[in-house]
Amino acid sequence: MTTLAVENIVAGYEKGLPIVRGVSFAVAAGEIVTLLGPNGAGKSTLAKAVAGLVPEREGDILLDGARVTVPAHALVRAGIAFVPQTENVFARMTIRENLEIGAAVLPRPRRAGRIAALLETFPALATRPTLPAGRLSGGQRQMLAIARALIPEPRVRLLDEPSAGLSPALVSGVFSDIAAIAAKGVAVVLVEQNVAAALGIAHRALVLVEGRVAHDGPAAPLRDGKLLARLFLGHVEGAEAA
Amino acid sequence: MNPQFLADGILTGALLGLGGVGLTLAYSILRFANFVHGDFLTVGAYAALVVAGALSQFLGGSGIGPFSFGWPLIIALPVAMAATGALALLLDWLLFRRLRRRGEEIVLVMASFGASLAVRSLIEFAFTPEPKYYSHDLQIAMPLGFSVRATPDQLAVVVLAGVAGIALHILLTRTAMGRAMRAVAENPALARVAGIDPARVVRATWWLGGGLAALAGVFLGLTVQIRPYMGFDLLLPLFAGVILGGVGSVPGALAGGMIVGVAEALAVPFIGAAWRGGVAFLLLLAVLLVRPQGLFGMER
Chain E
168 MTTLAVENIV AGYEKGLPIV RGVSFAVAAG EIVTLLGPNG AGKSTLAKAV AGLVPEREGD
228 ILLDGARVTV PAHALVRAGI AFVPQTENVF ARMTIRENLE IGAAVLPRPR RAGRIAALLE
288 TFPALATRPT LPAGRLSGGQ RQMLAIARAL IPEPRVRLLD EPSAGLSPAL VSGVFSDIAA
348 IAAKGVAVVL VEQNVAAALG IAHRALVLVE GRVAHDGPAA PLRDGKLLAR LFLGHVEGAE
408 AA
Chain X
16 MNPQFLADGI LTGALLGLGG VGLTLAYSIL RFANFVHGDF LTVGAYAALV VAGALSQFLG
76 GSGIGPFSFG WPLIIALPVA MAATGALALL LDWLLFRRLR RRGEEIVLVM ASFGASLAVR
136 SLIEFAFTPE PKYYSHDLQI AMPLGFSVRA TPDQLAVVVL AGVAGIALHI LLTRTAMGRA
196 MRAVAENPAL ARVAGIDPAR VVRATWWLGG GLAALAGVFL GLTVQIRPYM GFDLLLPLFA
256 GVILGGVGSV PGALAGGMIV GVAEALAVPF IGAAWRGGVA FLLLLAVLLV RPQGLFGMER
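The listed protein sequences derive, respectively, from chains E and X.
Position in the first sequence counted from 1, then plus 167, gives you the numbering used here.
Position in the second sequence counted from 1, then plus 15, gives you the numbering used here.
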C-alpha cells in the first residue's frame, strides 16, 4: 500500500528557476526508495521539497492518499520526518535535549517512554546523555539525528545523504539501522551519493538527471553499475527506443 | 583597588546581564540587532512607575522594611513586564514581522533604529525629560565589610537579578518552549523539520525579551533614576556584554554583562567616571578581534 505519493513536483529556490522539474514517485510502507543521480541532479532539493523546506514548490504530496498542505514544522505531526545531510543535530544541546526536542510533538505522557525506547535502540547514545551533541563523532551525530526523527514514529522518513562524511565501517552501521527502520513498516526515501551502499538496502531506485526522472524501478538491476553509468551520463530510459 | 568599585560593578553587571538576555535572544532567534531593546528597559521602568503610582493611592506609598519600595512596585513589576512584552509583540506585528519576510537584516536593524527613536520620543513627550523616582525616600548605604557599602535596594536588585537568572536557566533547559527557543536560535531550518513552530518561538522570544528588559529597567530605575534615555544609554554596554558572552548564549549574556559592568566600574579610578562607557567599547573591539564568537559562543 502506498504511504507517500509525490505527484508532479516542480521545486527550486528562486521563482522561475526550477531544479526539480515534474517528478513523481511513490513509496510503500516498509519500502526503501533511493534517489540517485549525478551532482546537481536535484536529489536533495526533491527531498527538501517533500519536507516543505524549499520556498518554490508546485505539485502534490499525498500521505496515505490524503493531500498534505501543512507547513514544514507540522509535517512531523502529519508523519513525515526529514533528516538533513549536514547540521542535523543541535550541537549546543545535549543528546537528551536533542531527543526531547523530537519528543515535544508527542502528547506529554508518551514522551519519556519514546525517549527510553530510542535510547534502547541506539545504546551508544544512552551512555552519556548529557554530552553536548557537538562533541559527538560523525557517526554518532548521524545516529542521534536518526533517533530524534524516529521519536514521533513517522510513517515516512526522508534521509539526505546519511553516509556523508562517515568512515566505511560507520556507513554499514547506519545503513543497517535504516534497513531495520524500514522493516518496521516505515516508508524510507534515501538520498545518497554512496550508490553501492544505497542500492544494497534499497528496494527501488529513482535516478534523477537534470531534475527529471531518468529511471524508476527495482534497485537490483542497477547494482552492477552499467545501467546506472549510462543513466548518469544522460541516457533517459525510453529515449533510445524512441 | 577599592572593593566598592567591584560592588558597584556587580550591580551594573547584574542589570546588563538581565537586559542582555533579551538582546541575545532577539539576535539569535529573530536574526537582527534590535536597537529598540534598550527602550524596552525604559518602557518597563515607566510602566512600573505609572502602575505603582496608581496602586499607591490604595495601598499607600511606604516602603517594606529597609527597602524604598513597597507593595505597589512589587505588584507593578509583573504588570510592567507583561506590558513591555506586549509592546514588543505589537512592534513585531506592526513592523518586524513584515520586514522579516524580506530576509534583509540591515532593513530590520534600520527599522529598529526608527522604532527606538519613536518609542523614546513618545516617552519623553508623555513624561517629560525630567528624571523620575519610584521613591523620594533617602536610603542610607549599609556597611557590608571590606569597606563596601550598599543600599538595601541595591542588595535586593542583585539578589533578584540572580533569582531571575536561575529562573531563566530553568526555563530554557527544563521546558519544551525553552528548548525550542534554543533550537531555533541554533539552527532554524533543523528546528522546523524537528516539529518546532517558528512563529510560536518568535512570540515567546518577544514576551521573554521584553519582560526581562522591563525587569532590568525597573531595577535600574530603582537604583539610579528613571529617564527617557536610560535604556538607550545602556545599548553599547548591553551589546558589548552580549557579544563578549557569545551571541545566542543566554549564560554568555549574563556573564558578559557582568564582566562589562565590573570592568567599567574597575576602570573608573583610572580613567574617571566620564570615560567608563569607553571600556565597553574597548571590550567589544577586543572580543571581535580576538574571539569573535565570544566566551560561550560557538564558531559558525
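One thing to keep in mind: the hints can contain errors.
Claimed, not checked - Have a look at the derived ranges for each label pair, beta carbon to beta carbon:
#1 Arg234(E) <-> Leu304(X): 52 to 58 Å
#2 Ala346(E) <-> Val305(X): 45 to 51 Å
#3 Val178(X) <-> Ser339(E): 49 to 55 Å
Calculated from the structure, these hints are not laboratory results.
From a predicted model like this one, the values you see are computed outputs, not experimental measurements.
Idealized CB from N, CA, C, for every residue including glycine.
Name the hints, by number, that the structure is in violation of. Violated: none.
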